[in-house]
Structures are given as C-alpha cells and as structure tokens.
Amino acid sequence: MKPDGKVVLLGDMNVGKTSLLHRYTERRFQDTISTVGGAFYLKQWGPYNISIWDTAGREQFHGLGSMYCRGAAAVILTYDVNNLQSLIELEDRFLALTDTASTDCIFAIVGNKVDLTNEYALLLETEEENRSEKLVTSCISTKVQKQVHLDDAVALYKKILKYKMLDEKDVPAAEKMCFETSAKTGYKVDYLFETIFDMVVPIILRQQAEGPLQTVDLTNCKSAKRTKSGCCA
Amino acid sequence: MSLKAFKLVPAVEREMLMGDKARINVECIECCGKNLYIGTNECFVYHFLLEEKISSAGKITFAATKQLHKYLGFKKAVSELKAASALNRLLVLCDNTITLVNMMNLEPIPTGARIKGAVTFTLNENPMSGDPFCVEVCIISVKRRTIQMFMVYEDRVQIVKEVSTPEQPCAVAVDGHYLCLALTTQYIILNYNTGISQDLFPYCSDEKRPIVKRIGRQEFLLAGPGGLGMFATVDGISQRAPVHWSENVIGAALCFPYVVALDSEFITVHSMLDQQLKQTLPFKEGHILQDFEGKVIVATNKGVYILVPLPLERQIQDLLTSHRVEEALVLAKAARRNIPKEKFQVMYKRILQQAGFIHFAQLQFLEAKELFRSGQLDVRELISLYPFLLPTSSSFIRSHPPLHEYADLNQLTQGDQEKMTKCKRFLMSYLNEVRSTEVANGYKEDIDTALLKLYAEANHESLLDLLVSENFCLLTDSAAWLEKHKKYFALGLLYHYNGQDAAALQLWVKIVNGDVQDSTRSDLYEYIVDFLTFCSDQELVWKYAEWVLQKSEEVGVQIFTKRPLEDQIFTKRPLEDQGKNSFNPDNVMNCLNKYPKSLVKYLEYLVLDRKIKKEKYHTHLAVLYLEAVLQLKSVTTDNCAELTETQTKLRSLLQKSDFYRIHLILDKIKGTDLHMERAILYGKLEEHDKALHILVHELKDFSAAEDYCIWSSESKDLPYRQRLFHMLLLVYLNPGSSDCELVMAAVDLLNNHAAEFDAARVLQLVPDSWSVQLLSPFLTRAMRESIHTKRMTQITLGLAKAENLIYKHDKVKLKGSPIILSDKKLCQVCQSPFCEPAFVRYPNGGMVHTHCAAKRLMNPNMTNHSQT
Ligand SMILES: Nc1nc2c(ncn2[C@@H]2O[C@H](COP(=O)(O)OP(=O)(O)O)[C@@H](O)[C@H]2O)c(=O)[nH]1
Ligand SMILES: [Mg+2]
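Protein chains in written order, with UniProt numbering: chain F, 1 to 233; chain B, 1 to 868.
No incorrect hints appear here.
Heads up, simulated EDC-like pairs for lysine to aspartate or glutamate below, C-alpha to C-alpha not over 20 Å straight-line:
#1 2(F) to 219(B)
#2 43(F) to 326(B)
#3 2(F) to 235(B)
#4 716(B) to 687(B)
#5 815(B) to 803(B)
#6 700(B) to 741(B)
Residues of chain F clear of chain B, computed beta-carbon distances all greater than 10 Å:
#7 25
#8 27
#9 46
#10 85
#11 89
#12 91
#13 93
#14 104
#15 118
#16 154
#17 167
#18 202
#19 206
#20 210
These aren't lab readings, by the way, just hints derived from the structure by calculation.
The C-beta atom is built at its ideal place from N, Cα and C for all residues, glycine as well.
Construct the entire structure; sequences and hints are all you get.
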C-alpha cells in the first residue's frame, strides 16, 4: 500500500532516532542495534497512512538521505542534548539532505535524552501529567549538565528558515517546532509525533490535490525564491 | 531466526555440459518456459529442455535434456542471452555484438540483423510500444557515456533513441520510459523520453559491482553502500526499507516476498516484509543468480541449480510451529497475492485461529481473542479445550489437522491452578461476548451450557442473569452440573425456564424448609410468593398456597391479592367457566378460612382496593373487624395500637361503605360500648337524630357530632347539610335539658359553622336570653353571607342587562339601512314582482313574498332550487 505522506527522522548516529520511533510505535524503550541503511514504519493517522522513515546516521549511509527525504512532508532533525556536536552536525551534514523534500515540508528539531540531564526533574515538575517517570529520575547522581539548550535549537531552526528562504510568518513558530524528548522515559515522545502528524495532514491534502512538489523547476520564477541560491537575496 | 523458504535443486549437472572438457565454464543463462539456454566461455550456446518432476512425497526434481549446442564462431565468451519468445528469437551478446538466432535451432537469422557496439543489454519488460512482435532493447554502448534504445523485430533491428549520461554507465534496467542506471559514482533514474534525470544515491561502481534489477512495475532493487539492498521507484523514492546483505553481493533476485542474493559463499534470503534475514544456503563459487518469470536460477561455472520456493503454507506452518506468530501472520497476509482468493481465505482464517491458540497458550488473551474473532473461530474449538464443558450431546469434533497441540487445559496449564483459573475467566468473558453475536449461530446450546457450567463452578453472579434471560442451556447437562455444584436456586430457574415450574417450586420449597442448602437468596420465601403470584398454573398455586400461608399469613396472601387481574374472576360466570381451581373470591376465601389474618387482608383487597360492591364481602369484613375489636377490647385494658388501628378501620368501613348489612352489625354492637360505631350505623340508616343523640348525650363528643354532620352530608346538597346542622342545634338546645355545656356547644356550633345554617331559622330557635355579643361571630358571618348573596345577585342582574343591550344594539343595526321595495324588485322564490307592501327579508338581504317564505319553510328543497 502506498503511504499518503512521509516523515523522515534525520540526525547523527546514536542520538536516539530509532529509540524515539520504537518508543512511539511499541511503547517501550529497548536497547537498539545500530540502524543499517534505514527502516520504516506505517502509521494510520485518521484516514491517512503516514510512513515514518528512520535513517542511519552513520557516515557510510549518508548518501541515502536525499533519497529518503525526497517528497517528505516533514523532517525531524534529531540531536542529543548532551552532545553539542550532534546539533552542529545537523546543520553541517544533514540539512542539505532535505533539499529533495517537498517544498512545503515542515521541520522539527528534537533534542533527545533529556532524561540524562540535571534539568529533567525540573521539566517533569512543570509537566502536569508526570506519571511513573518520576521513579526513573531518582538517581540524580548520574545527571550531567545539559550541553545543548532549547535556545540553540531555536537558533538552528531560524537558520534553517534562512537556508530554505522561508519567511518566519509563513511557517510554524520556532518555539512550537523545537522539542526536547526522552525516548527512554517516553517524555514528550507522543506529543512530538502527534504534533507533527497533525501538521502533515494539510500537506498531504495539498500533495494529493497538486501532485508532489519535490522537483524544483528552475525556469519557474515563483519557486526560484525557494531554491538554495541565496546569494542574490 | 531461520526459516526454510527455498530448496536448492540441481538442474544441469556439470558432466551434461562439458563432459570431460574441463575448461568449459558457464558464462550466462536464460530460461524461457521450459527452454534453458547456457552460454559458455568458449562461445557455445547450449539449449536444454527442463522438466519439473514432483515425486509422490512432494519432492521436486528437475530433469534437463539437451536439445543441441551451437558454436558461434568467435574466440570470445558468450556474455549475455535473452529470449524473445514472441519473436521466437534468442538475443546473444558476444564480442560486443547482439545477434538474433532462432530459439529452436539456434541458427542465425538470414537477414543477419544485429546490434553492434553493446557492452551489455537488457529488455524492457514494461515496453511502451504496443507492438507484441517487437521487443525494446536497451544497451550500454561501447561509445562513452551512451545508452541506446532499439526496437527488435523478427528479422530486423531499429535504433530509436540515443541518450548520453553524465558519467559512464555500468549497469542498466528499464521500465517504461525510465532507465535505472548505475553510473561510476552514483545511481540515477533517467527518463529517456524527456531526458530528465533524478539522482538516487552515491555508489562507487569501480569499487563494488553495482546491481540494478527491475523487480516490478516502476520499482528497482539496487546494491547500496554497506551491503544494502535498496529499493527505489522511478520517482526516485524508496517505498520499502532496505535489506542488509553481505558486502560482496554478486546477484540478486526477487521471489515474493523474498529478496534472494548471492555472494561468493552463500545464498541469502531476506523478507521484503520485515527486512529480516530468513534463510542462508551455503553455495560456493556461485556467480550467477537471476530470476526468470518467477523461477530463481543460480549457477557456478560448472553447474546450474534452481532455487525452488517452498509453498507459503508450509513456511507459515513452520513459523507457527516455532511460535513465530507475528512473522507467520505477516507472511500469510503477503501470500494473498500468490494464492487464489477462495483458497487464501480458508488458509488465512486457519492461520489466524492457530495464531490465536498460540497466544492463548501463553495466556495472552487479548491477542488471542482478536485472532479468534478475525479468524472466525468455531467457539467450540476453544470450549473443547476445557474438560466437561461441552454438552455430552454436542456433535462437535475438533478440526483436522488440529489447530493446536493441546489435548486439554490440564495439559496446557500443566496443572497450574492459577493459570487454569485465568483461562476459565477468559472463556467466561469471551463466551459472554460472543453468545449474542453471529459467531454463536448454530451452536448457541453449546455456548450457553458451557457458560452456565463456568459460572456455576466459579460461583459467578452472572449465573442467575444467564438463567433469567433468553438462553439455550441444555436442560439435562446443565441440571446435572448445577446439582453437582449445589446451585439449587439456579437449578430452579433452569427448570422454570424450561417450563418445569413444579420442579422449580419443589426445589425452592426444599431450600426454604432447610432440606437442601443454598444461600443464593436470603429472601427466597418472598421470591416464591412472588413467583406464585405471577404463576399461571392454577393447580400449582393451590398446591403451594397452604405452604405459603403457613409461613406467613400476611405475606402469603399476596399470591391472591397481587395476582394479575386477568387471572382473577370477580363477576359471576357460568360455573363451568370458572373451574374449581380458578381464583374467584369464593375459592380463595374457602382456602383462607383457616388463616384469619390472610382472610382480612383478602377482604380488604376486595372491598377497598378492588371496590367490589358485594354485600357479602362488605358485611364479612365489617364483622371480622368488629370481632377483632371486641376481642382486643376484652383482653386489653388500655388502648393498644392494634386496637386503635382496627377500630379506625372499622369506623372507616362503616362510614364509607354502603353495602354491608347495617342491621346485622347494629345487632352485634348492641350492648357494647361502641357508641361511635352505633352512631355511624344510625347515620347510615338516616336516623340522624338517634345518631346525634348518641354522640351528644352518650359520648358527649361535640366535635364528633359536628364531624358527623359533615361526613353524613358529604355527597349531599346544601339543604341536606343544613338540615343536619339544624338537627344538631336542636339536640343542643333541647328544651328538656338546660345543660350549660350543651348551650356552649350550641353557641360554638353556630359561631363556627355559620355558613351551614339558615340564619332566619336559627334566630327563631335561639333563646331570647342570648346576647348579641354571644352570637356576634355567627351574626357577622350570616350578615356577610347575606350581603354577599345580594351582591352576587346584583352582578348577575347587571350582566344579564348588558347582554340584553348588546342584542338590542344588533337589532337596531339590522333595522338601520332602508329597504326599498319597488315593482321592479322580484321575489327570489317565485321570480314575480311584489304586489303588496308586506314582504319577508332574510338576513342575507334576499326578499321574498310572505307566502313564498311560508312555503319555503315547509319545503326547504325549493329554496335550494330557487337560489341557484
Ligand atoms: N538515556 C537515554 N538513552 C537513550 C535515549 N534514546 C536513545 N538512547 C540510547 O542511545 C543509544 C542510541 O540510540 P539509537 O536509538 O540507536 O540511536 P540512533 O542511532 O539515532 O537510531 C542507545 O544505546 C539507546 O539506548 C534517551 O532518551 N535517553
Ligand atoms: Mg538508529
């Protein structure tokens, strides 16, 4: 069966992409094996079938990213909040892969593994529905200082908009599209995926009405604004 | 995680090919129908016929018989062979030239048509030209960075397109207008018609041999980085997750739902459905793996083998046997494509059921239930796992081959009681869920009986619900089970449901009497009374009436008093209609004679509730009340509550009923101190003076006397009431007594009930000595009453006058406009002129002669006639 829309998880290896998808689909956290090539999962969302692609972060498979991203309605750029390099990689290595995505593709930036930070307990307290997760947080001693803050993600989001030559007014706000999650405890994982799915539905509708927009026609001046040649801006 | 999906079967052994010539190597193969072609390094083409044989044990073997072999005349190896069966041509690539030879005799075609300068070639399996006698051939040209498209006919070839590529191509596959190309550094999709290309992903073809394989409409399988088997569509996207091969894959093919790949040591089998490696077959020195019309062939330099897929059903069964339910289901679902619909549905259902039992055995009931439901399991398969649950009469036999490996629940749980209980609880909820759905159709008896047994055994409260609502429990089986578990009350319900009320009652009575033990209902006696009340079996009711009454006169009598009205017969009917068992009052009272309390209750029911106007019952009830009162009075000194109550009832009956025999009661009362009752009775006889005399002089109860006046005249007119009050006044003012008390009573009577007196008459009676002061409330009220009456009369008069005036006004209005009568006017009846001044005018304005009007009155038809 052909999926109606595509969501792609991108990010360096070991940031927890597979774990996030696994947590969402299987409702548990399990030690994963390093993803080879890519994997995908079909999610029924209302009347639509959304495919979620989990990609391999390993350099070896980097070349496959463009193909996976082709026509994507949403890209989830994932980093590890305790690893600054993983955020830097998103801009350096992964952003270019999204050139093949649908032109109205939405971007989300997700900092995973917040459970390891010393801020996590605080996060939970502000969270109304803090369930049994509290139990997991008890071993405070192992907590580390967070390396990447939400502000850094917001800054990256704005850079992406610039790169894509998109106006902030036309896309979801940065604060809405930057998430901090924990695949281990499940913190905000459902929220992340469901927010994205809700935003993907209008794109699916548009794609079904007009056909995919992934190929950029350079002769068309209207879409030229959306291409990468930012030098003349 | 291994599975046997394929079997490797030899097709052409080495000696058949080369005999003793050791240097001959297999270079390429082609298989088309039964024709197998082999190209060798020494420029020979061999043609074999391949026969598939299936032994009685289901074992598949292949027998290849050589047809001929042909030397092509070069010093080069035959590098590729492709058959075009519609053209009866074999395309042979050798020394960069594609020659067309006859498929059967391998002779080159006379025209000598050929394609020169080809490095490699492929056929378009999704050709765009609609011509069936033409194949589309795509070659990688010896010219650098060039792809050429040809149309190949029976005896000619024609170039149709040449496209140049950004880099040197190494491998190609075609689908429609799309070329999937392995270039030096990457794979691309190129539309040769439009020239638009799309990058797929980077791949270094110099380092590792690329693979480009069309696997279906608009989809290709490619060798990717890190030993991946990547899928890509002509749109340049991936719709399936990649499979993970080894690093040095030589060839790959698709045999749904598996991707088969060959490396130097193994043939690997991955499922496209879950990307898992399913099977590994050791295969040394293989260098060709290709699929031909679904047949996967592998070859070494020396021999050719066929990879025979095992039937999907077998594979699925194997997976189920090793409890790999998920995989089995995924495979089964995928098998839908390869198996005829009818057969598939039967198979798939069975697999779902088997999978359900696997989950069930692991106590994963939710999953099991869902699978049983979707697999439309015959519930009896499940019930039959539980010992003794299926009724002995059930015709059920388990399906064969069996859906699971268990003899029964004991074996499954290995005697673990906790597990057993869980299984039973599951079956309870499952049966309860399905019993009212179509799943139950055809074996409702088996289901309900099993459910009853489970409930009874588990002491479950739903047992009763089951028995009192519609059910199909089999009587003999269920009865034995309920008895065994001492569920006697439930057993009674079962009897009742099966129309055996006598048996039910017998059992219940035994429980109440303590002959058998069952504490299900603490109010079983009341339940029985209720049951009898609504029981339509008269004989049965009479049989237990005595028992019920003996237990409790008050409650027991309900079987008569609460009985639905249609069962009771109050009016006299012909005797034969009533029968000796019917519940007419005579029969009932006959029975109740021994039970006085019941009898009173029953009479109260007849007289007060049913309001039956029969002297017999009213008198009987009055007498019973009276006897009770007298009896109580004789044993108690002070007023006990029971006495007061009975006496109130007696008085109320005497007052309200008009049907009892007054004189009879009066006789019985004479000589007792029941003065009030006597007064009431006199009242009933209209002997008010006697009654009032008793009340005033014997009881000296003045308020009772006033009450008497009120209730006695309750349904009577005002003069009657006034007469009574006057009578009372007279009793008070009896000139014989000058009792001061009575005088006061008289004054109070007048002052309190002014409205009940005719003031004029009262004034004549009142002794002259009384002061105005004394009677002032009475006088004021009388005065006010009189004035009120006067004013009301005046209002009535005024209104009448006003109404009269309205009529007068109407009359004047009608007379207002003049009516002119001339000799030109004609009578509307006879149509002749008026000759006299007298005429009749109707309200609608019509004028007629007086005599015509008179006639019309007598004969109305005439008017109708004349008016039209
Ligand atoms: N503490 C913690 N560990 C995580 C979390 N998510 C993933 N991991 C661990 O990080 C490692 C890499 O995870 P994986 O999902 O394979 O990352 P991927 O390479 O991005 O797919 C694994 O050892 C996971 O157990 C998380 O939220 N919290
Ligand atoms: Mg991963």
